[in-house]
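Engineer: Take the given structure of chain A and dock chain B to it, following the hints.
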Amino acid sequence: MNAETPAVQLEGITKRFPGVVANHDICITVQPGTVHAIVGENGAGKSTLMKILYGMQKPDEGTIKVNGREVAFRTPSDAIDAGIGMVHQHFMLADNFTVLENIVLGAEPRKAGVMLDAGRARARINQLAESHGLRVDPDRLVEDLGVGDRQRVEILKVLYRGARILILDEPTAVLVPQEVEELFENLRELTAGGLTVIFISHKLDEVLSIADAITVIRRGTTVASVDPADVTARQLAELMVGSELPTPETRESTVTDTVALRVSHLTLEADGRALLDDVSFDIRKGEILGIAGVEGNGQSELIEAIMGMRPVSGAVELAEQDISAWSTLRRREAGIGYIPEDRHRQGLLLEASLWENRVLGHQTRRPSRSGIWINRRAARSDTQRIVDTYDVRTPGVDTLALALSGGNQQKLIVGREMSGEPKFLIAAHPTRGVDVGAQAAIWDHLREARAAGLAVLLISADLDELIGLSDTLQVIYRGRLVARLDPSDVTPERLGGYMTGAITGTKET
Amino acid sequence: MPAGLYRALLTVAGAIIAILVAIGISSVAIVAAGANPGDALAAFFDFGARESSVSNSIARMLNRAVPLFLAGLAVAVGFRMNLFNIGVEGQYRIAAVCAAYVGSTFVAPAPIQITVIIVVAAAVGGFYALIPAVMKVTRGVNEVISTIMLNYIAINLAAFLVRGPFAGERAKGQLTTTTPVLPESAWFPNMNWLLEAVGLPAPRGGGVWGFLLVAVVVGVALWVVLERTKFGFDVKASGLNPTAAFASGIGPKRMVISAMVLSGGIAGLIGLPEILGDQHAFGTNFTPGLGYLGIAVALLGRNSPWGIAVAALLFAFLDRAQGPLQFAEVPPSVITIMQGTIVLLVVIANEITSRIALRREERRAARELGKVSA
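Protein chains in written order, with the working numbering: chain A, 2 to 510; chain B, 1171 to 1544.
Just chain A, with the same shape it has in the complex (with noise of 0.2 angstroms):
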């Protein structure tokens, strides 16, 4: 195999990139028919390569050859012309189009010039499906679609503009272990079939049984490339951190006998469809109670239902007091603190310096105001408070949110929905798209704060991150609390099992 002609072959890459690491001197020779894996933390530079290599972005040094042929991408449809196709992380499909609509978009087969040819499109994609073993119905409609079935569209969409070789950025992000392992029989078949898979990931256990050879980047420069059959996740982790790996495990119990948010009988419906369906449970002071849920099941309306961002029938009480009718701002001001789902969309003012966005969420409380003031000092040094208690690496408080890598942009918000002693916290996602160092930080911060009696409200799609950090477990499943799960005899397997569906309700303790 080793004599064949590299697919790729990334040589001395070289990309001073703005406020994340940059990439230096990267090596990489990807065989062809292989599924490759790069490996490494977040932040550490696999996306900038990736856009590097998919022509998103140009190189300051170094050099890709592709089958052999050195190239210069300028745009991604360089990249595709030399037969390079990406996969993303979040899907970019149109929901009201149908699977073939989204397969060909941007390049349809036409007939007469402008009309659609659906007859060959389909062809074209029924053969593609055929011969990867890719099953998807072309003519269902993609928002009635689940995640690993967008994920095959994806694929074949990437396929159909003639790829040979396939970049997929962490695809089992959003996938649940059995649609994992659907995504892992399509990638064989793909390489089967003579395709390059580059596959980028964290999650160490799915690279060592996908993957045929593995490169590890730390800190924006490839540390080792090495056969998966030779080493072991713990091995693969340490040449990724360069240290030991956190684990998010809480100890011994917290939890009190003091409610600190009831959620009855909430229940929300848009269009016919039930988004949430008579959701009740208690957080008492001390316990984190985790949400796992495949996305898009009801996590976000359940959200925005306690934080009050929109109307649903049911109570929410804090700490006893019934909090139903009161304002987003009433209630973040009697103590709920938000680490929002997507930092970028809800938590931050990227062109805000990180004084005015400590003062975000916090700009009616102390000691961000005063009178009718923005109180500029207080804030000030109360933003260096939280810059240095949660560490975050930062030239000053007067940067732009935006000039912060993803950890360090995530630490300041869990600083600041800290701040203010909270009696209840939201937790979404805390940890998504953040660097290991800053990962082990904030479960660290919330561990403490759980300690300290804060009521926690977990929602996150990694089930490690779910079961080692929770008091209690409970699975959403279309908008229902299907099942009450004990963390500490849960496997993720199970898990996975209630958030598709796969196995039915029973309530355990």
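Everything labelled a hint here was simulated from the structure, so no lab data went into it.
Mixed in with the good hints there might be a few duds.
Label-pair distances were calculated between CB atoms; the ranges are [said to hold, decoys possible]:
1) B:Gly1204 with A:Val115: 43 to 49 angstroms
2) B:Phe1487 with A:Gly397: 37 to 43 angstroms
3) A:Ala452 with B:Asn1312: 34 to 40 angstroms
4) A:Arg346 with B:Ile1518: 55 to 61 angstroms
5) A:Met57 with B:Arg1398: 37 to 43 angstroms
EDC-like cross-link-like pairs, simulated, lysine to aspartate or glutamate; straight-line CA separation at most 20 angstroms [stated by the list, open to error]:
6) A:Lys286 with A:Glu239
7) A:Lys204 with A:Asp465
8) A:Lys59 with A:Glu12
9) A:Lys59 with B:Glu1532
10) A:Lys424 with A:Glu321
11) A:Lys286 with A:Glu449
12) A:Lys52 with A:Glu12
13) A:Lys66 with A:Glu12
14) B:Lys1400 with A:Asp399
15) A:Lys424 with A:Asp213
16) B:Lys1400 with A:Asp258
17) A:Lys286 with A:Glu318
18) A:Lys424 with A:Asp399
19) A:Lys52 with B:Glu1532
20) B:Lys1400 with A:Glu352
21) B:Lys1423 with A:Asp399
22) A:Lys112 with A:Asp96
23) A:Lys52 with A:Glu171
Small disclaimer: the values here were computed from a predicted structure and weren't measured.
C-beta atoms are modelled at their ideal positions from N, C-alpha and C, and glycine is treated no differently.
Structural biologist: Chain B only, in chain A's frame:
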């Protein structure tokens, strides 16, 4: 160099380059019109040979700048929240006719008389802006469309009021109709001393309108409100990231209403410099179009009160050259071409410079952190 200073310098440099390019482009238009660009340029700086005409020219420029400044501020308040208050035009006209009429119905000591007129104008402007705001938050009506429609209503309503219910006596031989003339206590004292202080004679007519002072106060106050208060923070947050603002407890409906009303309130003042300083009534020849020009001024001034002041002065400087351009046999529509190209190019330059500034900020952070971790 501190990031703030760097950004400011970059902005100024971008604006100057944009203006120079705009002059270049306008020169092409001037040549196409069969005139000499050099003559045109000279005309812009031709303030007259005699001291009295210099002083008239300066007064005309300042008097033009004041309403433009107010109009720019009014538009900018909305822009900061991504609200497009195109309705400044209607708001200031309806406010002007109402304030002029109310002011003419009573006589009080000057400070009270003038204050009442100002309050009425701001209230009417604010109320007229409340209509599209309420339509937006209750029914989701796009404010661009509703404010444009309301402009037609306001313009025609003002025209009706000045001829009908609010009409004063028409002097013999006058073709225009006006509201009743304001009592002298409502005549805003002029600021000719400003010119006299530098040794120029008092200009003709109304002189330098004293409302300039009020405009400066409004500008400074608005800056303080937007940059230093909780309300200003809410406006900024809503403009930068409405979803984050919402999640942080900043009610979008309340913000839309208050920003629109504030915008309309300032818009209400636009007509007052002319009414209080010169005409002493709202007439059928009342200056139109200031609201639309305000959009350009706000864009040019990047929604900041200081920038808007500079932009208003620049527009006024160009507008003043109407007469001299005609003497130089250059079509005065050159002014409009120049204003248009300047706005376009400055908007482009702003976009470029702000990107450069953001990039630099990111780099600087990355570099300083590199030092820390190394």
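Engineer: Run the distance test for Lys59 (chain A) versus Glu12 (chain A): straight-line Cα separation, threshold 20 angstroms.
Structural biologist: Roughly 14 angstroms between the alpha carbons, so the hint for Lys59 (chain A) and Glu12 (chain A) holds.
Engineer: Is 37 to 43 angstroms a correct range for the gap between the Cβ atoms of Phe1487 (chain B) and Gly397 (chain A)?
Structural biologist: holds, 40 angstroms
Engineer: Check whether the Cα positions of Lys204 (chain A) and Asp465 (chain A) lie no farther apart than 20 angstroms.
Structural biologist: Answer holds: Lys204 (chain A) to Asp465 (chain A) is near 11 angstroms, not above 20 angstroms.
Engineer: For the pair supplied as a hint, Lys424 (chain A) and Asp213 (chain A), is the alpha-carbon distance within the 20 angstroms limit?
Structural biologist: violated, 49 angstroms
Engineer: CA of Lys52 (chain A) to CA of Glu12 (chain A), is that 20 angstroms or under?
Structural biologist: Satisfied, since the Cα-Cα distance of roughly 15 angstroms is no more than 20 angstroms.
Engineer: Using the Cβ atoms, figure out if Ala452 (chain A) sits within 34 to 40 angstroms of Asn1312 (chain B).
Structural biologist: Given range 34 to 40 angstroms: violated, Cβ gap about 51 angstroms.
Engineer: Please verify whether Lys66 (chain A) and Glu12 (chain A) have alpha carbons no more than 20 angstroms apart.
Structural biologist: Within the cut-off at roughly 8 angstroms; holds.
Engineer: Can the restraint linking Lys286 (chain A) and Glu318 (chain A) be considered satisfied, given a maximum Cα separation of 20 angstroms?
Structural biologist: holds, 13 angstroms
Engineer: For Arg346 (chain A) and Ile1518 (chain B), compare the CB-CB distance with the range 55 to 61 angstroms and indicate the outcome.
Structural biologist: At 28 angstroms between Cβs, range violated.
Engineer: For a C-alpha distance cap of 20 angstroms, please report whether Lys1423 (chain B) and Asp399 (chain A) respect it.
Structural biologist: Violated - the C-alpha atoms of Asp399 (chain A) and Lys1423 (chain B) are around 30 angstroms apart, more than 20 angstroms.
Engineer: So does Gly1204 (chain B) sit 43 to 49 angstroms from Val115 (chain A), Cβ to Cβ?
Structural biologist: holds, 46 angstroms
Engineer: So the hint says 37 to 43 angstroms: do the beta-carbon atoms of Met57 (chain A) and Arg1398 (chain B) match that?
Structural biologist: holds, 40 angstroms
Taken one by one, the earlier hints fail for this structure at numbers 3, 4, 6, 15, 16, 18, 21, 22, listed in ascending order.
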